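K.L.:
Turn these sequences into a full structure, and let the hints steer you where they fit.
Okay, here's what each chain looks like letter by letter:
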Amino acid sequence: MSTTQPAVAPTAVPPQSGVTERARKAKKRLTSPWASGIAVIIAIAWTVPTFGLLVTSFRPELDIRRSGWWTVFGDAFAGEGVFSLRNYESALFDSSTNLIDYFVNSLVITLPAVFIPITVALLAAYAFAWIDFKGRDILFVAVFALQIVPIQITLIPLLSAYVRTGINGTFWPIWLSHSMFALPLAIFLLHNFMRDIPSSLVEAARVDGAGHVKIFFSVMLPLLTPAIAAFAIFQFLWVWNDLLVGLVMGSTSTSPLTVRVAEMAGSRGGDWHVLSAGAFISILVPLIVFLALQRYFVRGMLAGSVKG
Amino acid sequence: MTIRMSSRRRTVALAATGASLALVLSACADTDDGGGGGAGGDGGNAAAPELDCSVYEEFGDLDGTTVTVYTTIVEPEAETQQNSYKPFEECTGVTVEYEASREMEAQLPVRVQAGNPPDIAILPQPGLLNTLVTQYDAVLPAPEGVEANVDEFWSEDWKEYGTVDGTFYAAPLGSNVKSYVWYSPSMFEEAGYEVPETWDDMMALTEEIAATDAIPWCAGVESGDATGWPGTDWIEDVVLRTAGPEVYDQWYTHEIPFNDPQIVEAFDAAGEILKNPDYVNGGLGGVDSIATATWTDAGYPILEGSCWMHRAANFYQTQWPEGTEVAPDGDVYAFYLPAETTDERPTLVAGEFIAAFADRPEVEAFQTYLSSSDWANAKAAATPAGGWVSANSGLDPELLATEFDRLSAEILADPATVARFDASDLMPSEVGTGSFWAGITEWFASDASSQEVTDTIEESWPKN
Chain A
230 MSTTQPAVAP TAVPPQSGVT ERARKAKKRL TSPWASGIAV IIAIAWTVPT
280 FGLLVTSFRP ELDIRRSGWW TVFGDAFAGE GVFSLRNYES ALFDSSTNLI
330 DYFVNSLVIT LPAVFIPITV ALLAAYAFAW IDFKGRDILF VAVFALQIVP
380 IQITLIPLLS AYVRTGINGT FWPIWLSHSM FALPLAIFLL HNFMRDIPSS
430 LVEAARVDGA GHVKIFFSVM LPLLTPAIAA FAIFQFLWVW NDLLVGLVMG
480 STSTSPLTVR VAEMAGSRGG DWHVLSAGAF ISILVPLIVF LALQRYFVRG
530 MLAGSVKG
Chain B
2 MTIRMSSRRR TVALAATGAS LALVLSACAD TDDGGGGGAG GDGGNAAAPE
52 LDCSVYEEFG DLDGTTVTVY TTIVEPEAET QQNSYKPFEE CTGVTVEYEA
102 SREMEAQLPV RVQAGNPPDI AILPQPGLLN TLVTQYDAVL PAPEGVEANV
152 DEFWSEDWKE YGTVDGTFYA APLGSNVKSY VWYSPSMFEE AGYEVPETWD
202 DMMALTEEIA ATDAIPWCAG VESGDATGWP GTDWIEDVVL RTAGPEVYDQ
252 WYTHEIPFND PQIVEAFDAA GEILKNPDYV NGGLGGVDSI ATATWTDAGY
302 PILEGSCWMH RAANFYQTQW PEGTEVAPDG DVYAFYLPAE TTDERPTLVA
352 GEFIAAFADR PEVEAFQTYL SSSDWANAKA AATPAGGWVS ANSGLDPELL
402 ATEFDRLSAE ILADPATVAR FDASDLMPSE VGTGSFWAGI TEWFASDASS
452 QEVTDTIEES WPKN
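Order-wise, the sequence lines are chains A and B.
Heads up: the first sequence is residues 230 to 537, going by our numbering.
Heads up: the second sequence is residues 2 to 465, going by our numbering.
Derived from the structure by calculation, the hints contain no laboratory data.
Since we're looking at a predicted model, the values are computed, not measured.
Incorrect hints may appear among the rest.
Unchecked claim - Far from chain A by the CB rule (all over 10 Å, computed), these chain B residues:
id	residue
1	Glu90
2	Val134
3	Pro186
4	Met188
5	Thr199
6	Val248
7	Asp250
8	Ala270
9	Val288
10	Gly306
11	Arg407
12	Pro416
13	Asp448
14	Glu453
15	Pro463
Claimed, not checked - Derived lysine to any residue pairs resembling SDA-like cross-links, with alpha carbons at most 25 Å apart:
id	chain 1	residue 1	chain 2	residue 2
16	B	Lys87	A	Phe322
17	B	Lys87	A	Asp330
18	B	Lys87	A	Ser480
19	B	Lys87	A	Asn327
20	A	Lys363	A	Phe373
21	A	Lys443	A	Phe344
22	B	Lys87	A	Thr481
23	A	Lys256	A	Ile271
24	B	Lys464	B	Trp230
25	B	Lys276	B	Met203
26	B	Lys160	B	Ser430
Ideal Cβ placement from N, Cα and C applies to all residues, glycine included.
P.N.:
So this is what it looks like as structure tokens:
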């Protein structure tokens, strides 16, 4: 970042070296009012629905049913009371079951469902990248190809396997299912990242007498942190927002927040106005996670998926 | 900007004739856990008859056993449902584990196939029972005690809906009456209109209202991925009236094609109201707005005076905004959707059924309890805010919370009532929850004629 600083004001600081000159040119080539304009438009288009949801979640029930969320600004300027916390009150307290239980369930589901696939995928990716064994390429292609299996067709066979092994009703079915569905992509991303580490580094370590374990922990892991963080965020968001697996594999005591939010509309769908508030309550955690770790997200995804 | 906290908490279960009670409760119980009101200490509960525990002694010692129930009945109705199990739990020591999901109809076949069915499922429609029996062979036939209860308390028709291929599987639980027209009693009184007694009276009244430049009817069929069902109910109600119950039975069993002239005629009769821009869609827009208006809100224009009549089921009672008084002299009330004559009262009904997937003694005991009049009365007593009714003849109407619920019970018990189950729930799911819903939505949204729409639906009927 710091090397590009002078380029911000090219006229004030004349180019001194080839590097800053190149940076200035690159910046000039990459910046265009058109691109910025389009980026702003896309950003707005992507944000408006979420913003509408946010506004809706603070409106009283009858207003939600009678008019669109955008009318709220006119009303507010006219001095009318247009906001209410009633929806949040309903979402949080109008139920015999506590929303906190589901919140905790979501956390209990999400953390192992992120940890397990990353651990397994790291080991597998290392083997695929740095250990020569027979059939390695075919196996790698096979693992990667598993990504195309839609999870919907695996639900019933998986569930019957869980029922037969007697772990149904616990958190294990949910953890295991999420891990299975995540592994192909995790192995692929981490493998690509590991391949990009110069082989001279690994060879140097080997010459110094390091074995696979030592190389993995001392050479690979420190370099892999952004990739791991990126995949962890990716998997966290996916698992936290998942409804399908939680619904099919979960039971009354293990249901995540998404399952509860889906129920908020009521038996006949008459309470749908509460959904906006429920959605925002469940969005909180992923929003915090994403904002806190987003720089890893972009850096790690690029590092793993784009070669060269 | 001013922040307004709504001063009343939402009593999800509708204020009704018991509105005064409901309002007192809601005004003071701000932190109460909501829903339809708890069981404890309510006046209504005092009237609940004691459960005769000796009935369940023949099942042996059930203390400490568990029965799992899977249902579509989620909060807030779930709370009163669970409260109604308490007398049984106290009698027998059985714990009823209640699991409710709006996705239950999709999830139940998954669980059955995976070998993990619940002990008891409360099925919202007979079509699902049919699927479970014929495709998965999963449901156990009803035990003798249950069949005896159903023979005693329910009519032949209702028993038939729980029967597949001559075997009786599922006892009915609750019932809904769908043949209602909601209106504002005070608006009718001010304008000097009478509640119509026959179909012709109703059409005359419609014309009279339209002549004053008002829009008499409002309707809406949008309901998420079930969009169209309120429209199919409309058509079914009209088929019952213009073609009669016999044709209705032939229609859903496909003895006559879906596009039979008598059915097309019923579509046209409904279209005289629903596709006439002078008659719809009060307070909501033109004819095509019926397709996009949310069914839960489609009757609200009555409260604003921009619509006069809204045909919807008895459970629409629970959809009115908080604080709406449902009573013959209140803000809204409903009259029976009239038939051609006053002698016969064809009525569109719906309900839930109990299917069992296990035959342990505690499951059979619980099934027996649910099919008894004891349960119906316990449920009535556990629902202090109303919104629930059953065609169980052992149900004591006095226990029902609201005058409107008693009206529904009266219609269900009336010998002149010819009850027919919601046809879309009985048709194969490709039609009943597929092309019929889509077709009726199309019928409102476009210029498609009744003939075209029924032709399309007929083509989608599964061939075997």
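K.L.:
All hints are to be evaluated individually against the structure, with a verdict given for each.
P.N.:
Here is how each hint holds up against the structure:
1. Glu90: For Glu90 (chain B), whose nearest Cβ neighbour in chain A is about 16 Å away, the distance exceeds 10 Å, so it holds.
2. Val134: The claim stands: Val134 (chain B) keeps its Cβ more than 10 Å from every Cβ of chain A (closest is about 19 Å).
3. Pro186: Holds, because the least Cβ-Cβ distance between Pro186 (chain B) and chain A comes to about 21 Å, which exceeds 10 Å.
4. Met188: 19 Å, holds
5. Thr199: 30 Å, holds
6. Val248: Val248 (chain B) is indeed farther than 10 Å from all Cβ atoms of chain A, at 29 Å.
7. Asp250: 27 Å, holds
8. Ala270: The claim stands: Ala270 (chain B) keeps its Cβ more than 10 Å from every Cβ of chain A (closest is about 27 Å).
9. Val288: 21 Å, holds
10. Gly306: 14 Å, holds
11. Arg407: At about 22 Å from chain A, Arg407 (chain B) clears the 10 Å cut-off, so the statement holds.
12. Pro416: Non-interface label on Pro416 (chain B) holds, nearest chain A Cβ at 30 Å vs cutoff 10 Å.
13. Asp448: Answer for Asp448 (chain B): holds, closest chain A Cβ roughly 28 Å.
14. Glu453: Check passes; 29 Å lies beyond 10 Å.
15. Pro463: Nearest chain A Cβ is 23 Å from Pro463 (chain B), so the label holds.
16. B:Lys87 with A:Phe322: 23 Å, holds
17. B:Lys87 with A:Asp330: Within the cut-off at roughly 24 Å; holds.
18. B:Lys87 with A:Ser480: The hint holds at about 22 Å.
19. B:Lys87 with A:Asn327: 21 Å, holds
20. A:Lys363 with A:Phe373: This hinted pair holds, its Cα atoms lying about 17 Å apart.
21. A:Lys443 with A:Phe344: 21 Å, holds
22. B:Lys87 with A:Thr481: 19 Å, holds
23. A:Lys256 with A:Ile271: Given pair Lys256 (chain A), Ile271 (chain A) holds - Cα atoms ~21 Å apart, limit 25 Å.
24. B:Lys464 with B:Trp230: 23 Å, holds
25. B:Lys276 with B:Met203: Within the cut-off at roughly 16 Å; holds.
26. B:Lys160 with B:Ser430: At roughly 21 Å apart (the allowed maximum being 25 Å), Ser430 (chain B) and Lys160 (chain B) satisfy the hint.
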